[in-house]
Structure formats: C-alpha cells, structure tokens
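Undergrad: Given next are the chains, with one letter for each unit.
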Amino acid sequence: MPLVLTEEQTMLQESAAGFLAESGVKELRRVRDERDPDGFSRDLWKAFAEMGFTGILAPEAFGGLGLGHVEAGVVMEEIGRNLTPSPFLSTAVIGVSALKHASEDRKADLLPRIVAGDLVTALAVDEGAKHNPARTAMSATRSGNGFRLDGKKSFVVDGHVADLMIVAARTAGSTGEQDGLTLFVVDPKTRGVSIERTVMVDAHNAARIDFDGVEVDADAVLGEVDGGWKLLEGVLNAGRAALASEMVGVGDEAFTRTVDYLKQRQQFGRLIGEFQALQHRSAHLWSDLEVTKAAVLKALQMLDEAPDAAAPYVSVAKARAGRTCTLAVQEAVQMFGGIGMTDEVDIGLFMKRGRVGQELFGDDNFHADRIARMASY
Amino acid sequence: MAEDLEAFRKDVRAWLADNCPPEMREPLKDVEDRCWGGRRFKFKNEAQKLWLDRMAAKGWTTPEWPKEYGGGGLSREEAKVLRAEMARINARSPLDSFGIWMLGPALLKYGTEEQKQKFLPPIIRGEIRWCQGYSEPGAGSDLASLQTRAEDRGDHWIVNGQKVWTSYADKADWIFCLVRTDPAAKKHEGISFVLFDMETPGVTTKPIVLISGNSPFCETFFDNVRVEKENLVGTLNKGWDVAKYLLQHERTMIGAMGQAAGVRPLGQIAKSTVGMDGEKLADTLLRTDIARLDVDLMAFKLAMERTTDRIKRGLSDPAAASMLKYYGTELNKRQYELVMSVGGAEALEWESERSRKGDDARTWLRTKANSIEGGTSEVQLNIIAKRILNLPGA
Ligand SMILES: Cc1cc2nc3c(=O)[nH]c(=O)nc-3n(C[C@H](O)[C@H](O)[C@H](O)COP(=O)(O)OP(=O)(O)OC[C@H]3O[C@@H](n4cnc5c(N)ncnc54)[C@H](O)[C@@H]3O)c2cc1C
Chain C
2 MPLVLTEEQT
12 MLQESAAGFL
22 AESGVKELRR
32 VRDERDPDGF
42 SRDLWKAFAE
52 MGFTGILAPE
62 AFGGLGLGHV
72 EAGVVMEEIG
82 RNLTPSPFLS
92 TAVIGVSALK
102 HASEDRKADL
112 LPRIVAGDLV
122 TALAVDEGAK
132 HNPARTAMSA
142 TRSGNGFRLD
152 GKKSFVVDGH
162 VADLMIVAAR
172 TAGSTGEQDG
182 LTLFVVDPKT
192 RGVSIERTVM
202 VDAHNAARID
212 FDGVEVDADA
222 VLGEVDGGWK
232 LLEGVLNAGR
242 AALASEMVGV
252 GDEAFTRTVD
262 YLKQRQQFGR
272 LIGEFQALQH
282 RSAHLWSDLE
292 VTKAAVLKAL
302 QMLDEAPDAA
312 APYVSVAKAR
322 AGRTCTLAVQ
332 EAVQMFGGIG
342 MTDEVDIGLF
352 MKRGRVGQEL
362 FGDDNFHADR
372 IARMASY
Chain X
35 MAEDLEAFRK
45 DVRAWLADNC
55 PPEMREPLKD
65 VEDRCWGGRR
75 FKFKNEAQKL
85 WLDRMAAKGW
95 TTPEWPKEYG
105 GGGLSREEAK
115 VLRAEMARIN
125 ARSPLDSFGI
135 WMLGPALLKY
145 GTEEQKQKFL
155 PPIIRGEIRW
165 CQGYSEPGAG
175 SDLASLQTRA
185 EDRGDHWIVN
195 GQKVWTSYAD
205 KADWIFCLVR
215 TDPAAKKHEG
225 ISFVLFDMET
235 PGVTTKPIVL
245 ISGNSPFCET
255 FFDNVRVEKE
265 NLVGTLNKGW
275 DVAKYLLQHE
285 RTMIGAMGQA
295 AGVRPLGQIA
305 KSTVGMDGEK
315 LADTLLRTDI
325 ARLDVDLMAF
335 KLAMERTTDR
345 IKRGLSDPAA
355 ASMLKYYGTE
365 LNKRQYELVM
375 SVGGAEALEW
385 ESERSRKGDD
395 ARTWLRTKAN
405 SIEGGTSEVQ
415 LNIIAKRILN
425 LPGA
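Protein chains in written order, with my numbering: chain C, 2 to 378; chain X, 35 to 428.
No wet-lab data here; the hints were simulated from the structure. Hints should not be assumed to be uniformly reliable.
[Stated by the list, open to error] Below, in silico cross-link-like pairs of lysine-lysine (DSBU-like), each with a Cα-Cα straight-line distance of 35 Å or less:
#1 X:K114 to C:K131
#2 C:K153 to C:K47
#3 X:K420 to C:K27
#4 X:K420 to C:K353
#5 X:K221 to X:K150
#6 C:K231 to X:K78
#7 X:K240 to C:K231
#8 X:K314 to X:K367
#9 C:K231 to X:K335
#10 C:K131 to X:K314
#11 X:K314 to C:K353
#12 X:K240 to X:K221
Predicted model, so just to flag it, every value in this text is computed and none were measured.
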C-alpha cells in the first residue's frame with residue numbers, strides 16, 4: 002500500500018478542507034468567548050452529518066459510509082488546521098469504534114443516531130493526571146442482574162454533553178493489571194452520575210465524572226466481562242491515531258502560518274525569513290513534520306488493513322505527533338515574536354490545542370514506553 | 035493487483051530460498067564483507083560471487099531499472115516485495131555500487147542510448163566500479179565553484195586539476211566527474227558532466243586515512259587526461275543539472291544508511307550490557323533514549339517510503355530528498371552514539387576479534403561523515419529553505 006492518499010481520499014480531503022475552513026478558527030473563538038454551554042455548535046455538527054463525516058466509520062447497514070481510519074484521519078487533520086470544536090473524535094471515531102462491538106439491536110438503535118448527528122458519546126477511561134488505562138481503579142461489582150459502578154473519571158472529552166458514555170471499570174484484578182477490565186455503556190442521566198464540566202486550556206470540552214453507586218443492567222456490558230482490555234485498546238488506538246492526525250493538522254497549520262510570517266515581517270531592513278538561523282529551524286521543522294506525516298498515515302492504514310498489528314504503528318504515530326506538534330507551536334510563537342504572545346493572533350490557540358493533544362490518550366513518553374514494552378526491553 | 039503481488043512474493047521467496055547461499059544470509063562481519071564488484075575486486079569467497087551473479091542475471095541488483103539494459107524491470111511495489119523478502123532471510127546486498135546509487139539514475143535520465151547500452155549493463159553485473167569526482171580542495175559545499183578544467187581539443191578534451199574526498203578512487207575503474215568547460219561563464223553554467231577510465235594516463239590517486247582508521251577515499255589528480263567527447267553526459271555546460279539530479283539519488287541513499295538490515299536492535303543488546311530490572315532495562319535513562327530512537331527510526335523508515343512514493347507521483351518536490359538526507363544522517367549519528375553508550379567499554383575495543391576489529395567504534399566514527407558527504411546537513415537545510423519553503427534570499 003503506497004503511503005499516499007487515494008484519489009477518493011484526496012477528494013474527501015479537499016471537501017473537508019473547504020467545509021471546515023468556512024467556520025475556521027473563529028468558531029473556536031466564538032465557543033470560547035460566548036462560553037457556549039455545549040462547547041461546540043449543534044448546527045455545525047448537523048452540517049458534519051450532512052457532509053457524511055459523522056458516518057465515516059459507521060457501516061453502511063447503519064446509514065454510515067463504511068469508510069476507514071484513513072478517511073477519519075483526513076477529516077481530523079482538517080479539524081486540526083481549523084481548531085474546530087466538535088464531537089468528531091469522541092463520537093464519530095471513538096464512539097463508533099466502540100459501538101461496532103455492541104449487539105445488533107444496540108447498533109441498530111445507536112449508530113444511525115450518531116450518523117444523523119443526534120447522539121454524542123464520550124469515553125471515560127482516565128482517572129488520574131496521566132493517561133494509564135491499566136491503572137483503572139473504578140470498580141464494577143455485580144449487583145442484582147447487573148453491576149454497580151463506583152469511582153471517578155477525569156479528562157472525559159465531551160463528557161458534559163454526552164448522551165451516552167462508554168466507561169472502563171474493573172470487574173476483577175487489581176490496579177495496574179490489564180485483565181479484569183470491563184467496558185460499560187452508561188446513560189449519563191442514571192442516578193448516581195454527577196458531571197462537572199472542566200473547560201480546558203484550549204477551550205475544548207472535558208469533564209470530571211463521579212460514579213456513586215450507579216446501577217446498570219447486565220446488557221450495559223460492551224464486549225466481555227473481565228476481558229475488556231483488548232477492546233479498549235482497539236478503541237483507544239483508533240482515537241490515538243485520529244488524534245495524531247489532528248495534531249499533524251495543528252502543527253502543520255502553525256508551521257504554514259509561521260513561514261508566511263517570515264516572508265512578511267521586516268527587521269534590520271530585511272525580511273526575517275532571510276536569516277539563516279530561522280531558515281534552518283524552519284527547514285528542520287518541515288522535515289520533522291514530513292516524517293511524522295508518514296508515521297501517522299501508516300498507523301491509519303494499519304488500523305484499516307491489519308488492526309491486530311497496528312499497535313506499534315499507532316504508538317509511533319502518537320509519540321511523533323506529540324513531539325512534532327509541540328515543536329511546531331513553540332517555534333511558531335517564538336518566530337512571531339511579541340505578537341505571537343497576544344490573544345489577538347491565532348498562533349497561541351494552536352499551542353494550546355497542541356498541549357491538550359499531547360496529553361490526551363498518552364503523551365510521547367507513554368507511547369515511547371509502549372514501544373519499549375512491546376520490544377520487551 | 036494485490037493477488038499478483040502475492041503470487042510474485044511466493045515466487046521471490048522460493049527463488050531466494052534456492053539461490054541465496056547460506057553464507058550470504060549472515061550479518062556482515064566487517065566492511066570487507068561488502069561486495070563492490072569491479073575489475074580489480076577480489077571476492078571474499080565463492081558464495082559472494084555466486085550471489086552477485088545470480089542476482090545480476092535476474093536484474094535484481096537493480097530491481098527497478100528497465101529490462102532492456104539488464105535491470106529487473108520491477109514495479110515499485112514489486113521491488114518493495116523483493117526487498118522485504120530479502121530482509122526476511124537477512125540476505126546481504128549482492129552489490130554495493132556508486133554506479134547503482136548515483137550514476138545509473140543520471141544516465142537513465144540524461145544519457146544517450148549508446149551510453150546507456152555501454153555503461154548500464156556492466157554496472158548491473160558489478161563489472162565496472164565507479165567513483166565520484168565532484169569535490170575539490172576549494173569547492174566543497176560551494177561545489178559549483180569547482181576549478182578542474184577541460185580544454186576543447188576537437189574530438190576530445192584535455193582535463194587538468196584536482197579532486198578530493200573521492201571515495202574509493204584507488205579501487206574504482208571509472209569516474210564520473212564534474213569539469214569546467216567554459217571558464218568565462220557564471221559558475222553554475224560552465225560545468226560539464228563527463229566519464230572516463232581511471233586507467234587513462236595522467237590520473238593518479240593518493241589515499242587519505244579517516245578517523246575510523248580506514249582509508250576509503252583519496253585525493254585524485256588529473257594531469258593532461260584525455261577524455262573522449264562521446265563521454266559527455268547531458269548537454270555541454272549544463273552538467274550542473276545532471277550533477278544535481280544525481281545528488282538527489284545519492285542523498286536518498288545516504289539518508290537510508292541508518293536502516294541497514296541485520297543490525298541487532300539496541301534494546302536487545304542493552305539487555306546484556308546494562309542488565310534488566312524486572313521487565314525493563316536497568317538503566318532507565320538509556321532505555322528512554324533507545325525507545326525514543328526506535329520511535330524515530332520506525333517513523334523515518336516510513337518517511338522514506340512516503341517521500342519516494344510522493345516524488346514518484348509528482349506530489350513532492352524532488353528536493354525532498356534533502357530532507358531524507360538531513361534527517362536520516364542525523365538520526366544515524368544519534369543511533370551510533372547510542373550504539374557506543376549501549377556497548378560501553380566493549381564498544382571501545384579497536385583491534386580485537388571479539389569486537390570484529392573495532393567495528394562498532396569504527397562505524398560510529400564513520401557515521402559522522404554521513405552528515406557531511408553528499409552535501410552537509412546545513413546545505414540540505416539551505417536547499418529545503420529555498421526550494422521547498424521558498425524563503426527569501428535563501
Ligand atoms: C566520507 C566522505 C566521503 C566523500 N566522498 C566523496 C566522493 O566520493 N566524491 C566527492 O566528490 N566528494 C566526496 N566527499 C566530499 C563531500 O561532498 C564534502 O566534504 C562536502 O560537500 C562538504 O564540503 P567540505 O568538506 O569542503 O566542507 P565545507 O564546505 O568547507 O564546510 C565546512 C562547514 O561549513 C558549513 N557551511 C558551508 N557552507 C555553508 C552555508 N552556505 N551555510 C551554512 N553552513 C555552511 C558546512 O555545513 C560545514 O559544517 C566525501 C566526504 C566524506 C566526508
């Protein structure tokens with residue numbers, strides 16, 4: 002499989018780019034400055050649905066387009082370039098990837114509503130400051146004909162607007178073990194669930210969620226009891242690769258804007274882009290971005306073609322995206338000089354999104370460590 | 035398509051199983067295990083010669099070159115399959131060659147039909163070994179300022195001047211050489227790209243010893259050397275175009291040097307040198323360095339694939355080869371700094387058999403040249419800034 006987009010994928014890229022550039026970065030500013038209670042525009046999300054984007058990963062039988070992770074990544078990259086606040090990651094990528102494993106009835110109920118833009122989902126995994134799913138402590142104990150959930154989740158993207166949550170909890174084993182985890186589909190309106198919206202530095206959505214004796218039925222279980230790890234990893238990998246693609250968009254856009262600025266700003270009677278010190282740093286950054294783009298595209302292709310072998314590629318992609326995007330946004334602010342520090346110029350918004358993207362679903366240390374573990378050293 | 039490729043894979047696998055001698059599946063012990071071919075090359079053993087001849091007969095020393103000149107005629111995807119299958123059995127490269135990496139692609143683009151017929155088959159079969167006469171004492175990064183002169187004598191030129199850093203000039207049969215054919219023109223415009231036999235009277239070489247203790251390159255002197263006009267490649271005084279095109283191939287090749295097959299992963303070597311603490315290397319900081327390197331090596335390998343795929347399809351500027359050169363060589367230097375860290379005192383031995391005559395240390399030192407040869411890292415960054423980013427005044 003050549004590491005280039007197919008013709009169809011290129012067309013999708015063009016239409017996503019056109020569509021998302023219309024609302025552009027000003028949509029993020031609107032959400033932030035108006036303190037939008039949803040943290041995204043419902044109308045825009047409906048427009049995503051009309052474009053077919055909400056259903057990229059959903060099977061055609063459920064109204065989706067039945068496309069792959071490469072296509073989802075294409076949309077994510079454009080989301081990154083425009084810093085678009087939307088539930089695309091939480092719902093169209095992660096929600097759909099998880100619910101593909103639900104019963105036929107449940108799929109028939111939920112997937113068409115996601116595709117229509119009527120249902121938002123959230124994945125509740127993290128519990129501490131750092132992503133580490135094996136350290137899940139939240140408990141799910143058998144109770145009646147179902148389970149009782151107790152514990153706390155944090156960094157739940159789109160948690161306060163979700164119509165449905167996918168929650169990782171421990172039905173066996175102890176903290177740190179991969180075995181003994183189970184995924185549950187939980188209605189956020191269930192008694193005992195309390196949700197605190199935690200707006201993040203990048204003005205995107207997240208929430209802390211408390212589960213206090215939350216009773217769910219046995220059919221809330223997604224996949225196998227005690228054996229949720231593999232499913233969770235698969236879902237997380239889809240999210241990680243998609244997020245890596247978004248970060249390529251964030252980093253690449255910050256870089257493009259920086260190079261443009263180097264061709265406009267004059268000091269010492271010259272364009273600052275004439276200074277070799279800045280030329281070399283720009284050329285290095287371009288190289289870094291190229292290498293990362295290759296890693297991200299490969300991870301997405303692997304998720305489509307050989308998902309069981311995708312994990313190392315996903316970790317390489319997410320680790321690279323984390324580092325490269327971080328360098329891109331830092332260099333951007335530095336090369337813009339003082340004006341790069343102002344809220345008026347967009348560059349700072351890219352830095353903020355980059356920081357959140359780096360943390361979400363494992364930063365570059367987490368993923369480099371995973372590479373070492375997979376190679377058993 | 036996919037099925038054809040699978041069928042091809044099966045054929046290749048079977049052919050390799052039958053034809054790749056067991057000795058050629060063992061990791062290289064030292065640099066002398068490499069096969070360079072040429073009139074004066076002494077094969078290390080029968081297996082090395084057999085492997086070269088068999089691969090050459092299939093055209094697989096140059097898998098993607100056209101069949102009419104003896105190449106493999108494979109598509110890019112088929113060539114990937116061949117490489118993957120060779121890597122699977124740790125097959126050595128049958129032939130390392132400047133003819134393959136550098137001159138061949140330039141001849142395929144700029145050579146006349148006669149030149150292709152004459153020069154390509156002996157490259158493919160490893161019969162003629164080439165060296166590169168670009169750099170001069172006063173013309174390194176600023177290559178276009180070169181001074182070696184070719185005077186027009188009707189049907190031939192007389193060449194006078196000096197080249198330097200000419201890799202393997204003392205072992206090569208022929209040279210591809212940049213000479214100034216129009217001293218009055220601007221520096222990029224009076225250069226021509228010519229070929230001549232290193233046995234031509236007036237050619238002398240003097241080896242230079244490197245910090246690795248090896249002596250792979252030379253000063254090369256030309257004293258009234260006769261060069262036939264039929265051996266001009268491309269247009270007279272337009273040699274710079276040929277030179278640059280060739281450099282793109284050279285740069286991609288040098289960038290790939292850190293990805294040599296059969297290198298044992300550092301994480302595994304470190305297990306025995308630093309030991310384990312539970313499931314992790316006992317030296318956790320070294321472990322971090324290795325893990326980060328592994329991430330970047332894997333990503334870079336994909337970048338080589340993506341960039342060549344994109345250049346082939348016209349999606350990337352061919353100058354993107356400068357990125358591969360820059361990134362790959364800096365990465366390889368980082369890799370060998372870690373080889374030395376992981377090896378510790380063992381990697382410092384210079385002569386012992388145990389250390390394969392100081393192979394780690396010598397290779398570590400050799401990698402420092404990667405970011406110099408073929409145009410320095412700084413020059414690659416200049417090219418990216420100018421050609422790709424269109425930065426002003428670059
Ligand atoms: C192992 C090895 C093998 C080689 N093999 C061959 C061969 O087979 N044939 C051949 O022709 N040549 C060969 N070379 C020569 C090689 O191409 C040159 O060494 C190289 O182009 C650099 O030239 P230089 O050594 O004169 O360094 P210089 O050009 O003097 O550079 C010195 C330093 O100045 C920097 N510098 C120069 N110009 C700029 C600029 N504009 N901006 C920023 N920094 C700059 C360089 O990056 C470098 O760091 C080989 C070199 C090595 C090390």
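Undergrad: Sort out which numbered hints this structure fails and list those numbers smallest first.
TA: Going through the list in order, the structure violates hints 1, 6, 7 and respects the others.
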